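Visitor: Here is how the chains run, residue by residue.
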Amino acid sequence: MADIIKVEHLSYVYNPGLPTAVTALDDVSFTVEEGDFVGIIGATGSGKSTLITHMNGLNKPTSGKIYIDGRDLWADPEKIRDFRFLTGLVFQYPEYQLFEETCYKDIAFGPKNMGLDEAEVDRRVHEAADFVGLDPALLERSPFELSGGQKRRVAVAGVMAMKPRILVLDEPAAGLDPEGRDDILSEVKEYHKKTCTTVLLVSHSMEDIAKYANRVLVMSNRKIAMYDTVEKVFARAPELLELGLSVPQVTKIFLKLREMGVDVPADVYTIPYAVKTLLEAKRRRDAGESLVLPRSAAQKGGAV
Amino acid sequence: MLRDITIGQHFPGNSLVHRFDPRLKLVLTIAYIVLLFAASNPLGLTLSILFLAVMYKVAKIPVKMIGKSLKPILPIVLFTAVLNLFFVSGEGDPLVHFWFLSIYAEGVRYAVLMAVRVMALIAGTSLLTYTTSPIVLTDAIEQLLKPLGKLHFPVHELAMMMSIALRFIPTLIEETDKIMNAQKARGAQLDTGKMTDRVKALVPVLIPLFISAFRRADELAMAMECRCYRGGTGRTRLKVLRCEKQDYIDLAVCIACFAVILASRLVFPNY
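If you're matching them up, the sequences are chains A and B in order. Residue numbers are given in this note's numbering: position 1 of the first sequence equals residue 1, and the series is strictly consecutive. Just remember that this note's numbering sits 1000 ahead of the position in the second sequence, which is counted from 1.
Hint data in this document are derived by calculation from the structure and do not stem from the laboratory. A hint or two may mislead.
What the hints assert, rightly or not - Listed next, the stretches of chain A that the computed footprint assigns to chain B, with coverage defined by at least 3 CB atoms under 8 Å from CB atoms of chain B:
1) 47–61
2) 81–88
3) 92–98
4) 109–121
5) 157–168
Claimed, not checked - Restricting the straight-line Cα-Cα distance to at most 30 Å, the calculated cross-link-like pairs of lysine-lysine (DSS-like) are:
6) Lys1200(B) to Lys79(A)
7) Lys189(A) to Lys1178(B)
8) Lys112(A) to Lys1194(B)
9) Lys65(A) to Lys6(A)
10) Lys1178(B) to Lys223(A)
11) Lys60(A) to Lys1068(B)
12) Lys60(A) to Lys1178(B)
13) Lys105(A) to Lys1200(B)
14) Lys79(A) to Lys1194(B)
15) Lys163(A) to Lys1194(B)
16) Lys112(A) to Lys1178(B)
17) Lys1200(B) to Lys60(A)
18) Lys60(A) to Lys1194(B)
19) Lys1178(B) to Lys151(A)
20) Lys163(A) to Lys1200(B)
21) Lys1178(B) to Lys105(A)
22) Lys105(A) to Lys1194(B)
Here the structure is a predicted model, which means the values were calculated and not measured. From the three backbone atoms N, C-alpha and C, an ideal C-beta is built for every residue, glycine too.
Go ahead and model the full structure; you've got the sequences and the hints to work with.
Guide: Here it is in structure tokens:
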């Protein structure tokens, strides 16, 4: 499919020309295909959040170009608002942006700004509430009466209701309990599957990225360190660890097993696949095959 | 846009001005303001500004910072200047006469002096906040106002409120920035459109901002209570302000400068 996001040599400097100037992004280039689910990982301060605020034109690149759906984002600064509806951005802790008297009105804020008619707004609000699993009875309640998890849902629905082609989420699960995490992320995944929306998900949890994304973009020190499919990125565990990042726990176990000399694959990153791999290994052992990895020459010569 | 606000911002350093006892610095700043109005002749004002320039030099504060602190009050300066220009009537013939407005030479003189004076006033007080951290400054205010405590004036509470307020300015600015971005992402138009539209567009920013300010206040109150805060009585401090020899020398130099400026007004009242 076609590239929906194309970023070319993007650089961004905070406070340019002042002694406090800080480079936040340094010559970043990548493309995202329509319908992809991209996980973005990186240590704190690596430029993830700055990168995503460029996707809908909240920050203007110091140099470089961004194309969304083939159109240059900054070709006409007057038209930048159109891109705000094309790329829906959910910030960290989005529940702090709620302001209306009822959840319904808050979710309707985005669609109304798009200039849609009442009936369409109404349809979208209910659709979005349904996607995030928000009880329709709650729509007429004040968002400030709800629990943290429900507030978060209202805020995410507020962006989904704009029906963006690209949905960008900055740690949508931060601060939620484990059940809330799984719920909100599976809802996003469900939304992604049903609507074919391209999703960019910033997360610190490698498990979440492994479970939901199909590609991973690794940011390190204001640059892109890796950008590949989930399998290939998590197979490079040592490099990830060096960047101050981690790999899913199950991947760590499989890497340790390999280190101990057991013949198992290294690119295991989800529990179901791990179970399958282990059963396969057991079958091979039961059939009399050896599971011991051939030792390398260096190891053979050692006085172990 | 919001990042440009500098009033009350500290510019760390280790100059003579920075190390000067905050209580004396505060008193001298007030004295300087009085001086700006007492030494009202052009010569006195020039000398006062010269004094301030030297102080900025000693404190190693970049000139750019003065401009930054003056920018927000420019409308007020212009307003006072214009008022003075039109409403001060002098002797002799007016320079310009138009409908019911007339401009006298005296008016022009007052307008210029007033504008310069207000700017010097802001630059002078900015020097105080640039060179003194808010915490130290409120400490100084608390100590200076202590005698009022005898009259049951809540000195400590006032100082605590001030330091909390100052502490939260940058936090709230950052918060506003975040909320504005979030609402812009949902298509809010904050910087375009008619005046009435813009004011209406602020509602989605102000409501979350107030809510989070109250939430923060609640959390802070809880945290203070958890650490057994119960007001000023019997509270001791980690850093006790003490005047040393250097402070007295600085004070003497400043008083001498002020005296010279004041004397210049009395000796040459017409310059």
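Visitor: Taking the hints in turn, state whether each one holds.
Guide: Structure-based check of each hint:
Counting residues of the segment 47–61 of chain A whose beta carbon lies closer than 8 Å to any beta carbon of chain B gives 3, which reaches the threshold of three, so the coverage claim holds. Residues of the segment 81–88 of chain A with a Cβ under 8 Å from some Cβ of chain B number 4, which satisfies the need for three, so the listed coverage holds. Counting residues of the segment 92–98 of chain A whose beta carbon lies closer than 8 Å to any beta carbon of chain B gives 4, which reaches the threshold of three, so the coverage claim holds. Only residues whose beta carbon comes within less than 8 Å of a beta carbon in chain B count, and the segment 109–121 of chain A has 4; three or more means the coverage holds.
Note: the segment 157–168 of chain A has 3 residues with beta-carbon separation from chain B under 8 Å; the three-residue rule is met and the coverage holds. For the hint pairing Lys1200(B) with Lys79(A), the CA-to-CA distance comes to about 22 Å; that is within 30 Å, so the pair holds. With a CA separation close to 26 Å, the supplied pair Lys189(A) and Lys1178(B) stays within the 30 Å bound. Using a Cα cut-off of 30 Å, the hinted pair Lys112(A) and Lys1194(B) holds, with the two alpha carbons roughly 18 Å apart.
Between the alpha carbons of Lys65(A) and Lys6(A) the distance comes to roughly 8 Å, so the proposed pair stays at or under 30 Å and holds. The hinted pair formed by Lys1178(B) and Lys223(A) meets the criterion: a straight-line CA distance of about 24 Å does not exceed 30 Å. Our distance criterion of 30 Å between C-alpha atoms is met by Lys60(A) and Lys1068(B), whose separation comes to about 24 Å. Taken as a hint, the Lys60(A) and Lys1178(B) pair is honoured in the structure, with Cα atoms around 16 Å apart against an allowance of 30 Å.
Restraint check: the Cα-Cα separation between Lys105(A) and Lys1200(B) comes to about 15 Å, which is no more than 30 Å; the hinted pair holds. The straight-line distance between the Cα atoms of Lys79(A) and Lys1194(B) is roughly 18 Å, inside the 30 Å bound, and the hint therefore holds. Annotation: proposed proximity of Lys163(A) to Lys1194(B) holds, straight-line Cα distance about 28 Å (limit 30 Å). For the hint linking Lys112(A) to Lys1178(B), the alpha-carbon distance of about 21 Å falls within 30 Å, and the restraint holds.
Straight-line distance between C-alpha atoms of Lys1200(B) and Lys60(A) comes to about 26 Å, which keeps the hinted pair within the 30 Å bound. Between Lys60(A) and Lys1194(B) the alpha-carbon distance is near 24 Å, which keeps this suggested pair within the 30 Å criterion. A distance of roughly 17 Å separates the Cα atoms of Lys1178(B) and Lys151(A); the hinted pair therefore holds under the 30 Å criterion. Using a Cα cut-off of 30 Å, the hinted pair Lys163(A) and Lys1200(B) holds, with the two alpha carbons roughly 25 Å apart.
Pair hint Lys1178(B) plus Lys105(A) holds up; C-alpha atoms about 21 Å apart against a cutoff of 30 Å. Between the alpha carbons of Lys105(A) and Lys1194(B) the distance comes to roughly 23 Å, so the proposed pair stays at or under 30 Å and holds.
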